[in-house]
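Chain B: place on chain A using the hints.
Sequence order for the protein chains is A and B.
6 is the number of the first residue of the first sequence in this note's numbering; add one for each residue after it.
6 is the number of the first residue of the second sequence in this note's numbering; add one for each residue after it.
Be a bit skeptical, because a hint or two may be false.
The list makes no distinction among identical chains, and a pair is therefore deemed to hold if it is satisfied within one copy or across any two copies.
Subject to a maximum C-alpha distance of 27 Å in a straight line, what follows is the list of computed DSS-like cross-link-like pairs (lysine-lysine) [as the list claims (entries may be wrong)]:
1) K142 to K405
2) K187 to K176
3) K142 to K262
4) K270 to K148
5) K45 to K405
6) K405 to K148
7) K294 to K390
8) K270 to K162
9) K176 to K405
10) K105 to K405
11) K148 to K162
12) K142 to K162
13) K162 to K262
14) K273 to K162
Quick caveat, the hints were computed from the structure, so don't treat them as lab data.
Note that the structure is predicted; figures quoted are calculated from it, not measured.
Number of protein chains: 2
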Amino acid sequence: MKRMNSEERQLVGKISLSSESNHESHDEVTVMGWIHRIRKLKSVTFLILRDRSGLLQCILTPEQTEQHNLTLESVVQLQGRCVPSKNDYGQIELIARSVKILSQAMPELPIQINGASLEVQLDTQLEHRVLALRHPKEQAIFKIQAAIGDAFRSFLKEQDFTEIHTPKLVKEGAEGGSNVFKLDYFGETAYLAQSPQFYKQMMVIAGMERVFEVGSVFRAEAHSTSRHLNEYVSLDLEMGFIEHEDELMSLETELLKYIFQELSKNYKKELELLEAALPDVPSDIPKLKLEEAIVILKTQYGKTELEGDLDPEGEKLISNHIFKETGSDFLFLTHYPQRKRPMYTMPCGEEETHSFDLIFRGVEITTGGRRIHDYQTLVSAMQRKGLDPEMYRSYLEAFKYGAPPHGGLAIGLERLTALLLGFSNIRRTSLFPRDGQRLMP
Amino acid sequence: MKRMNSEERQLVGKISLSSESNHESHDEVTVMGWIHRIRKLKSVTFLILRDRSGLLQCILTPEQTEQHNLTLESVVQLQGRCVPSKNDYGQIELIARSVKILSQAMPELPIQINGASLEVQLDTQLEHRVLALRHPKEQAIFKIQAAIGDAFRSFLKEQDFTEIHTPKLVKEGAEGGSNVFKLDYFGETAYLAQSPQFYKQMMVIAGMERVFEVGSVFRAEAHSTSRHLNEYVSLDLEMGFIEHEDELMSLETELLKYIFQELSKNYKKELELLEAALPDVPSDIPKLKLEEAIVILKTQYGKTELEGDLDPEGEKLISNHIFKETGSDFLFLTHYPQRKRPMYTMPCGEEETHSFDLIFRGVEITTGGRRIHDYQTLVSAMQRKGLDPEMYRSYLEAFKYGAPPHGGLAIGLERLTALLLGFSNIRRTSLFPRDGQRLMP
Chain A
6 MKRMNSEERQ LVGKISLSSE SNHESHDEVT VMGWIHRIRK LKSVTFLILR DRSGLLQCIL
66 TPEQTEQHNL TLESVVQLQG RCVPSKNDYG QIELIARSVK ILSQAMPELP IQINGASLEV
126 QLDTQLEHRV LALRHPKEQA IFKIQAAIGD AFRSFLKEQD FTEIHTPKLV KEGAEGGSNV
186 FKLDYFGETA YLAQSPQFYK QMMVIAGMER VFEVGSVFRA EAHSTSRHLN EYVSLDLEMG
246 FIEHEDELMS LETELLKYIF QELSKNYKKE LELLEAALPD VPSDIPKLKL EEAIVILKTQ
306 YGKTELEGDL DPEGEKLISN HIFKETGSDF LFLTHYPQRK RPMYTMPCGE EETHSFDLIF
366 RGVEITTGGR RIHDYQTLVS AMQRKGLDPE MYRSYLEAFK YGAPPHGGLA IGLERLTALL
426 LGFSNIRRTS LFPRDGQRLM P
Chain B
6 MKRMNSEERQ LVGKISLSSE SNHESHDEVT VMGWIHRIRK LKSVTFLILR DRSGLLQCIL
66 TPEQTEQHNL TLESVVQLQG RCVPSKNDYG QIELIARSVK ILSQAMPELP IQINGASLEV
126 QLDTQLEHRV LALRHPKEQA IFKIQAAIGD AFRSFLKEQD FTEIHTPKLV KEGAEGGSNV
186 FKLDYFGETA YLAQSPQFYK QMMVIAGMER VFEVGSVFRA EAHSTSRHLN EYVSLDLEMG
246 FIEHEDELMS LETELLKYIF QELSKNYKKE LELLEAALPD VPSDIPKLKL EEAIVILKTQ
306 YGKTELEGDL DPEGEKLISN HIFKETGSDF LFLTHYPQRK RPMYTMPCGE EETHSFDLIF
366 RGVEITTGGR RIHDYQTLVS AMQRKGLDPE MYRSYLEAFK YGAPPHGGLA IGLERLTALL
426 LGFSNIRRTS LFPRDGQRLM P
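One chain only, chain A, in its complex shape (with noise of 0.2 Å):
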């Protein structure tokens, strides 16, 4: 007997329309999937199957339906005939021969899931996430996501980069500051990799030029806001033999172009149910020196407490002016100070450096820059932000034998998705954050 499931479902409903009445063996179809929706009526119970594909409306006997316990969310497998029909759910039903339950859901949900939206509170969607997984709103976020990647991996594999996975555990990969992950490996002090970083570096310069990885990263950040999470996907790339980080703002330019193209040619299904517009990106960004932001915040919007960097209500506000003059989504902030970056960040001039964020609808969702690739550079790099060289030993190395300019970026992959999605917290577009109070599930 065939099994009907996703594209099949689809297959057998064109048969069953088209062919219903010359081959009517081929109408008869075994279907599986959660119970979404039941509505008993005195002659008759509409069954509403849901799989990832969709709805299906199946049609019970009342004897039928009395012999199960046919509670919402229960998985069923459902065989009989498959006959045309007018519903909400589609142009076909099932008319049920034999009911099966393969998994019996326990009458009282947590939360209901087959409403248009789900009505629930974010913190009660997290404590009951694979339930609330299920409503195709959520299902369409994750949809988009994988996507996302997709296309960042697509992209840069037809500009000739190499995917990389480097190590998480590191000893050398914190990039100074507190806000590390610790521990034990085998009597040595391990820290959990905030970034690939160093490594993805070191790829550059052990003659792999162009490199990305997909991974994951760990902040350990212990204040908890609506855009930040303690672990998080990391999309990272670094390119060698640049000239000018202008080719890495390029580079993310014709990147977020393709990702956009890429979701609204294969998920406008998504997109619609999300109510989400893709933003246009300009061929050329709009860049601002940081300095000039500062002072078209400080003269035109009175905020006057910046100083060499931006809070969130500063780039929301320099967000929204480039928006106003120039009806651009995405702005290049340029030129951060020296004191602001990380020692590997190159120098530009006595006090800025050669880096940039990007700003999405008011929130960061890049940095990135040159590097310093040349040794001695480096370690003077390193004394003037008061750091060690000798605990930077084997990054440290990397740049003695020969290192290529470089540079890269890295951009937050939940945040990215929130951001397109319209989402105020970045808790919605990771499947299980990890937050200070959340470690379950």
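Chain B alone, transformed into the frame defined by chain A:
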């Protein structure tokens, strides 16, 4: 001025070969790369430049040579004309007009990387990993590894699987056993995920039905072997609505076929360089019950101490046995006993399970099988293993509200790469291997 790099070099090479006499200005190019070899003659210096695309012969005058400290592995920028030439490295050579050192390499290299192979111990290679990886053979390993990961994803996407990212910081992820890294997570004890097992199952149950993940996993095994790493990349998949583990074995067979086809199509050069022979994947990979394998090993090979599992020697012997009998590099061992499998494994009869290992060239590369999807059965299975269900509260919750029958498998990326390339030590296929002695670089 045109910058030449990788594909561009090919292009410029062609222009220079075909149009040299007509458009002399086209031939003025800039190239950048590492000094791979250098041979100084009285009247001329041959400098062999290396970048990720290969090698290029460059001709310098004695004066140019003297003006610079042209140490091996220094990164240089050369400007000059490309002319046709028959040499060991290609069909063109560059007559340098100007030479600039971008990064000076120290004169003493800890390892020589311009020979036919790296003639140093693996330990020394790993100590100087960034330098060692510059050898074209080492580069080839990681090109192939990237391609394996990519093919894994492409194949599964075609089968309507969704990519997921699950947390590596977990509370419940430890499947039991002591080989788990612990850390302090804001006052709570967290573990590093040994696998995405629980989370990939939860995503199937959350309605995604078919999921995969390419991510880091962590095993705190103190013993060092040539086939284990303490951190590695796991290619994981999980699939709902299966009726038998045969479906998983068929899927893996097709998956492996696809991966090797992609390699054979696009990575001929790398495979030749590494003298690696791709295996044939039989459409029907031989299957043996574990108990049958143990009987064969006992009666035909005098191996008597095996009990419920194979040791590495047993895996090798039975793999060779099957290879001699059928010509297959692959072997599925099935029906592992319950006492040797994790609590979530679907039982088969009183003693056995619906599970399997895949042995490839004498080493296990996959463990897979059906999982228990019934809440009560799972609770009982935990109790039988002496585990407290309360420790798995959020994992268990997933099974309360309708869990489809499902199963999955995992492949270790480094191990698959090593076996494919015929390496006896898995450290060769990890960019920065983590073992009991190694947390740097």
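Task: Violations among the numbered hints, reported as their numbers in ascending order - done: none
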